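K.L.:
One-letter residues, chain by chain:
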Amino acid sequence: MTSTINHHLTDDLLMSYATGSLPEAFSLVVATHISLCDECRARLAGFEAVGGAVLDEAPACAMEEDSFAATMRLIAQMPTETRIEAEDESVKGLFPKPLRDYVGGDVDAVQWRSLGGKVRQAVLPTSADATVRLLYIPAGVAMPDHGHAGMELTMVLQGAFDDDDGHFGRGDVEVANEELKHTPVAAPGADCICIVATDAPLKFSGLLPRIAQPFIGI
Amino acid sequence: MNERHTSDARWVRLVERVRSDKDQAAFGELFAHFAPRVKAFLMKSGADSSLAEECAQEVMATVWHKAQLFDPERASVATWVFTIARNRRIDALRKQRRPEPEDLTWGPEHEPDQSETIALQQESKQLGRALAALPQNQRVLIERAYFGELSHSEIAAETGLPLGTIKSRIRLALERLRQEMK
Ligand SMILES: [Zn+2]
Ligand SMILES: [Zn+2]
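Protein chains in written order, with my numbering: chain U, 278 to 495; chain G, 660 to 841.
These are calculated hints, taken from the structure and not from any lab test.
Everything numeric in this text was worked out from a predicted model, so none of it was measured.
Incorrect hints may have been included.
As the list claims (entries may be wrong) - In silico lysine to aspartate or glutamate, EDC-like type, Cα no more than 16 angstroms apart, as pairs:
#, chain 1, residue 1, chain 2, residue 2
1, U, Lys369, G, Asp762
2, G, Lys826, G, Glu813
3, G, Lys703, U, Glu334
Construct the complete structure from the given sequences, taking the supplied hints into account.
P.N.:
Shown next, in the form of structure tokens:
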């Protein structure tokens, strides 16, 4: 596990992920970050422990008469789970497992679509309450200056970007909301690949992106 | 006798018996305690009683099959059951997939450390007491957040409390729990 992550998930996000109230798109970014971050994994365990205590203190609700027997029948029909073996570090790619599950493979399996210039995106299939996409921004290239109508959660997978809030490298997350307006610029060196979840369209300040927005679907 | 103050370590032993011996009596005890709570949990999340019954059975069947994946160094049995029930709820009620983090896997020879396990089970007991001792208005919001599939803004809409009040009460509650756990 890497120890160089400087920007972590908020309590709000971790608690919503623990309670199960986060839209799928955001849950994917949270799960991807936790796959790389022991600190947030430990904080998540705390929030889940609260859920355990709530469940344990809950008033019981009587089960049907034949419930136990029905459950034993169900058990007999279900396939057995086996312990998942640790993956060989050498075959590990760029994407943590939850992201690979959505892409259907690692970075070479992504179906990129050009957004103009050399910027590319790939929208991943999730429930409609929020959207998650992979963004590919060549080193040194700036994203259009934009504000946010809702929440935007960005996590770096490769390379890095800089904006007014700081420097974001692999594993770092930026939580942007209505108050933040920013122009992320991919750092020189490696091209930047991010996963970005949003629950409302972005608000571009420049004329050109505003015209292009309906077509490219950001 | 207060059940929850004696049982946390016992649940761990019962799960171990399900894992190693496929022990139906041990599973029966887990079922008697957790199935009715999972059912209540699902009904508070909006499931009707027949869906809640069906899902509670599926959750308990998953407990049986995943017994070998339970790690008493990382979670109490109640917490582990909660996560299974929560995932079932997301699948059955919200019809969404649940992305889960990559598993942290120990080496194949790993045996749970007894003292780590005991420490964790004691902490969860302590957490349960701390939760019960929260001021009513804070505890109710925590329970709603975990029970209902309500976001903070949905709780605000339903209770008529301003979103800021909800967030600050939840924050206060979490602060208190953290203080208690130190
Ligand atoms: Zn983190
Ligand atoms: Zn942004």
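K.L.:
Next step is simple, just say for each hint if it's right about the structure.
P.N.:
Against the structure, the hints come out as follows:
1. U:Lys369 - G:Asp762: With Cα atoms ~13 angstroms apart, lysine 369 of chain U and aspartate 762 of chain G stay inside 16 angstroms; holds.
2. G:Lys826 - G:Glu813: 12 angstroms, holds
3. G:Lys703 - U:Glu334: Holds, because 14 angstroms separates the two Cα atoms, which is no more than 16 angstroms.
Of the numbered hints given earlier, the model fails none.
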